[in-house]
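Peer 1: For chain E, the structure is supplied; the task is to place chain G on it using the hints.
Chains as they are written, first to last, in the working numbering: chain E, 1 to 152; chain G, 1 to 120.
Treat the hints loosely; a few may be bogus.
To be verified - Calculated pairs, DMTMM-like style, for lysine to aspartate or glutamate (alpha carbon to alpha carbon, straight line, at most 25 angstroms):
id	chain 1	residue 1	chain 2	residue 2
1	E	Lys21	G	Asp75
2	E	Lys130	E	Asp50
3	E	Lys21	G	Glu85
4	G	Lys113	G	Glu85
5	E	Lys3	G	Asp77
6	G	Lys112	G	Glu23
7	G	Lys29	G	Asp75
8	E	Lys3	G	Glu30
9	E	Lys130	G	Asp75
10	E	Lys130	G	Glu30
11	G	Lys68	E	Glu108
12	E	Lys21	G	Asp77
13	E	Lys3	G	Asp71
14	E	Lys3	E	Glu73
15	E	Lys130	G	Glu116
16	G	Lys95	G	Glu116
17	E	Lys130	G	Asp24
18	E	Lys21	G	Glu109
The hints are simulated quantities; they were obtained by calculation from the structure and are not laboratory data. Quick caveat: nothing in here was measured; it's all calculated off a predicted structure.
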Amino acid sequence: MSKPVAIVTGAASGIGLASTKHLLSRGYRVAMADFNAPEGTKQSAELGEDTLFIHTDVASYADQAALFKAAFEWGGRRLDVLFANAGIADSQSIYEASSPVEKDGMIEPLNLQTIEVDLNAPIQGVWLFKHYARQNAIPGGKVIITSSAAGL
Amino acid sequence: MSTNPLYTAAKYGLVGFTRACGEDSPFAKENITVNCICPAFVPTNLCPPHMLALFPKEHITPMSTVTKALDTFLDSDSMTGQSVELSLDQLYFRKMVDYPNASQRWLGEESKKFWEDAYS
Chain E
1 MSKPVAIVTG AASGIGLAST KHLLSRGYRV AMADFNAPEG TKQSAELGED TLFIHTDVAS
61 YADQAALFKA AFEWGGRRLD VLFANAGIAD SQSIYEASSP VEKDGMIEPL NLQTIEVDLN
121 APIQGVWLFK HYARQNAIPG GKVIITSSAA GL
Chain G
1 MSTNPLYTAA KYGLVGFTRA CGEDSPFAKE NITVNCICPA FVPTNLCPPH MLALFPKEHI
61 TPMSTVTKAL DTFLDSDSMT GQSVELSLDQ LYFRKMVDYP NASQRWLGEE SKKFWEDAYS
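Bound-form chain E, shown alone:
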């Protein structure tokens, strides 16, 4: 039987990297996604051929859709686990002393990249995961999302 396959986002460092190693120790093959290409490539090379690094900006739906497609094919047309872990701190401080003004006198919008990466991307991830998990020999799979104690 083929090895189970996981996608880990934010896999080049921190919780994502430690979890990648843990999944490998449990016999998984891991598609490692990260925005940081040099670090992701390096870590994947060190961890060996049960990993595949896929440079991904999870805030880009096209990137994340390509990640899932590539991981599913690489894994032998199976996808068992999504660890939606990539996250960033606030992309701009809402408390900034000055409000940037555009030429027409309107206030520029706040940069909400944090919402794209930390919230919208995991939701798109579940949307994509469902599509592939349904195609497993035994349909189904497991999603684990990294929230925070700050989210309780």
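Peer 2: Same frame as chain E, but now just chain G:
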């Protein structure tokens, strides 16, 4: 987390999303489980590196607690919709806030059929 209100909003959102996609959802019927981890302070790059060394050690949650939580979810085919807080070496499964009255309990626990009909 007053230093990071966008991060806080996003992470709150993930807890709600996880609960909605849990045991009452169609995902549960097709063996897709959705759970989330809510780590306390685990030393990673999310904390500015020059501050990491200064964080009080007695409040650091080790990576081994994260892997323990992953094992808990990976080893269960039925656990879904759960939010687990990770603090020090412990896992705390956190429930939704309690209902303030019987009407809200009905809405939360017994109105499912109504909403399924409404959105079908």
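Peer 1: If a hint holds in the structure, say so; if it doesn't, say that too.
Peer 2: Verification of the supplied hints:
no.	hint	result
1	E:Lys21 x G:Asp75	holds, 17 angstroms
2	E:Lys130 x E:Asp50	holds, 23 angstroms
3	E:Lys21 x G:Glu85	holds, 22 angstroms
4	G:Lys113 x G:Glu85	violated, 31 angstroms
5	E:Lys3 x G:Asp77	holds, 18 angstroms
6	G:Lys112 x G:Glu23	holds, 12 angstroms
7	G:Lys29 x G:Asp75	holds, 18 angstroms
8	E:Lys3 x G:Glu30	holds, 21 angstroms
9	E:Lys130 x G:Asp75	holds, 20 angstroms
10	E:Lys130 x G:Glu30	holds, 10 angstroms
11	G:Lys68 x E:Glu108	violated, 44 angstroms
12	E:Lys21 x G:Asp77	holds, 22 angstroms
13	E:Lys3 x G:Asp71	holds, 17 angstroms
14	E:Lys3 x E:Glu73	holds, 13 angstroms
15	E:Lys130 x G:Glu116	holds, 20 angstroms
16	G:Lys95 x G:Glu116	holds, 23 angstroms
17	E:Lys130 x G:Asp24	holds, 16 angstroms
18	E:Lys21 x G:Glu109	violated, 40 angstroms
Of the numbered hints listed earlier, those contradicted by the structure are 4, 11 and 18.
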